[in-house]
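S.K.: For chain F, the structure is supplied; the task is to place chain E on it using the hints.
Protein chains: 2
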Amino acid sequence: MSYRLHYWPSIQGRGEFVRLALEDADAGYRDIARGPQGIAQMEKAMARHHVFAPPFLVHGQVVVAQTANILLYLGPRLGLAPKSEAGRLWLHQQQLTIADWLVEVHDVHHPIGSGLYYEEQKREARRRAADFRDNRLPKFLRYFEALERPRAFTYLDLSLFQMIEGLRYAFPRAMRKLRYKNLEALHDKVAARPRLAAYLRSERRIAFNRQGIFRHYPELDS
Amino acid sequence: MSYRLHYWPSIQGRGEFVRLALEDADAGYRDIARGPQGIAQMEKAMARHHVFAPPFLVHGQVVVAQTANILLYLGPRLGLAPKSEAGRLWLHQQQLTIADWLVEVHDVHHPIGSGLYYEEQKREARRRAADFRDNRLPKFLRYFEALERPRAFTYLDLSLFQMIEGLRYAFPRAMRKLRYKNLEALHDKVAARPRLAAYLRSERRIAFNRQGIFRHYPELDS
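These protein sequence lines map, in sequence, to chains F and E. Its first residue numbered 10, the first sequence is counted upward by one per residue in this note's numbering. Its first residue numbered 10, the second sequence is counted upward by one per residue in this note's numbering.
This is chain F alone, in the form it adopts within the complex (with noise of 0.2 Å):
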């Protein structure tokens, strides 16, 4: 039974972390809002099923919103994640913290209100930055930088190689001052899986762009 993915066509976002599950994993599935009337079929299915925000899959009877529970559902679907119940609390634990770091991405251009344009926020956009970049930014690497990861590969590993790609997208000065070698080498491993590089060539994959949650001005990198 295939997959139904609903979320915005024109951005990577939040779903990217849920496609890049799908793609490594080779399962079939339908990326709704890409296709004809896209939009409007997904929130007509966030409207029957009662979904606060995209990203949602629908799969058979199941919904399930809220990436990291997504990737919860998928994991053992997918070969993505332990069987063990201890194993797969703390892999979705990890995904949980991801999850809060990528809201402070999201925030550093967008302090005030996600309703309102980058533009109408600049001023403050450049004091949340300096405080990301400083403090924030160097945590969260430090963190997942000496975790110590399950042998086998998980969507812990495709979510870091996403944050990676994206934060130096984003903050190219920034990130190219920080060290981070154990990500580093992750990044490259995840980039060369057949599967995942096919991926990242197609058109499937979206760039990155400034309707996006990584975004690059200059003026909040360092």
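It is worth saying that the hints were derived from the structure and are not from the lab. In this text, a Cβ means the ideal position worked out from N, Cα and C, and glycines have one as well. The reader is advised that the hints may include incorrect statements.
[To be verified] Straight-line Cα separation of at most 25 Å, BS3-like style, residue types lysine-lysine; simulated pairs: (1) F:Lys92 <-> E:Lys92; (2) E:Lys53 <-> F:Lys148; (3) F:Lys53 <-> E:Lys148; (4) F:Lys131 <-> E:Lys131.
[Stated by the list, open to error] Computed footprint of chain F on chain E; a stretch qualifies when at least three of its residues, placed anywhere within it, have a C-beta under 8 Å from a C-beta of chain F: (5) 17-29; (6) 73-85; (7) 110-122; (8) 153-165.
[Said to hold, decoys possible] Residues from chain E shown here face chain F by an in silico Cβ test under 10 Å; the list is partial: (9) Arg57; (10) Val60; (11) Phe61; (12) Ala62; (13) Gln70; (14) Glu94; (15) Trp99; (16) Leu125; (17) Phe141; (18) Asp143; (19) Asn144; (20) His196; (21) Arg204.
M.R.: Just chain E now, with coordinates in the frame of chain F:
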């Protein structure tokens, strides 16, 4: 086997969502950081288990961090979650949406940096507060007001009680202008549960204060 909860001893914060579940279920637990040398003990355990941030729960060999993940673990054990996978994922999804909401409540008074004092970001906080009161608060309330909860009592009911309590403390004027009768009825039903009522009257319940997540600053209320 008794649960060991690790969380900051002087605020309700995120730990309170776990405390409410443990208290309502009458589970044996120790609130480690509130005992002798509590913070030192918590910090030692954090380092040993490589935990990013409190709260975290230690239960035998299992260590679980991230509030919603702790409730995912405790739910079936305390009789506060359905047994089926789909039911547990659905409940967890709601809890993750509450976690997102809580970040936004926090960021109203800390829009620039969690390591800075409120006084250092008062101007930005006023702008963020207006957006929160006008857009985000009504959106979250509408979502949960219309949510069809399962018949059986769950940790989601406890968490929604806590959100209403906290929001009424922090934003009394804004909350009086909003209609949320289902959540109000739920709040009152939860508050009347005998074990929970006893907990709320006890000194184990820390009062809301200006170090916590829910903070009352009149200038941020409408």
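S.K.: Now tell me, hint by hint, if it's right for this structure.
M.R.: Status of each hint after checking the structure:
1. F:Lys92 <-> E:Lys92: Judged against 25 Å, a Cα distance of about 18 Å means the pair holds.
2. E:Lys53 <-> F:Lys148: 18 Å, holds
3. F:Lys53 <-> E:Lys148: Holds, at about 18 Å.
4. F:Lys131 <-> E:Lys131: Roughly 17 Å between the alpha carbons, so the hint for Lys131 (chain F) and Lys131 (chain E) holds.
5. 17-29: violated (count 0)
6. 73-85: Result for this restraint: holds, n = 7.
7. 110-122: Since three or more residues must qualify, the claim that chain F covers the stretch 110-122 of chain E holds, with 5 doing so at under 8 Å.
8. 153-165: Since 3 is at least three, the answer is holds.
9. Arg57: Check failed: Cβ of Arg57 (chain E) comes no nearer than 13 Å to chain F, outside 10 Å.
10. Val60: Where the cut-off is 10 Å and the nearest Cβ of chain F is about 9 Å from Val60 (chain E), the hint holds.
11. Phe61: With Cβ-Cβ at 5 Å, under 10 Å, it holds.
12. Ala62: 8 Å, holds
13. Gln70: 8 Å, holds
14. Glu94: 8 Å, holds
15. Trp99: 8 Å, holds
16. Leu125: This hint holds: Leu125 (chain E) lies near chain F, its Cβ roughly 7 Å from the closest one there, short of 10 Å.
17. Phe141: 8 Å, holds
18. Asp143: Asp143 (chain E) check passes; min Cβ-Cβ to chain F is 9 Å, inside 10 Å.
19. Asn144: 6 Å, holds
20. His196: 20 Å, violated
21. Arg204: Nearest chain F Cβ about 26 Å off; hint violated.
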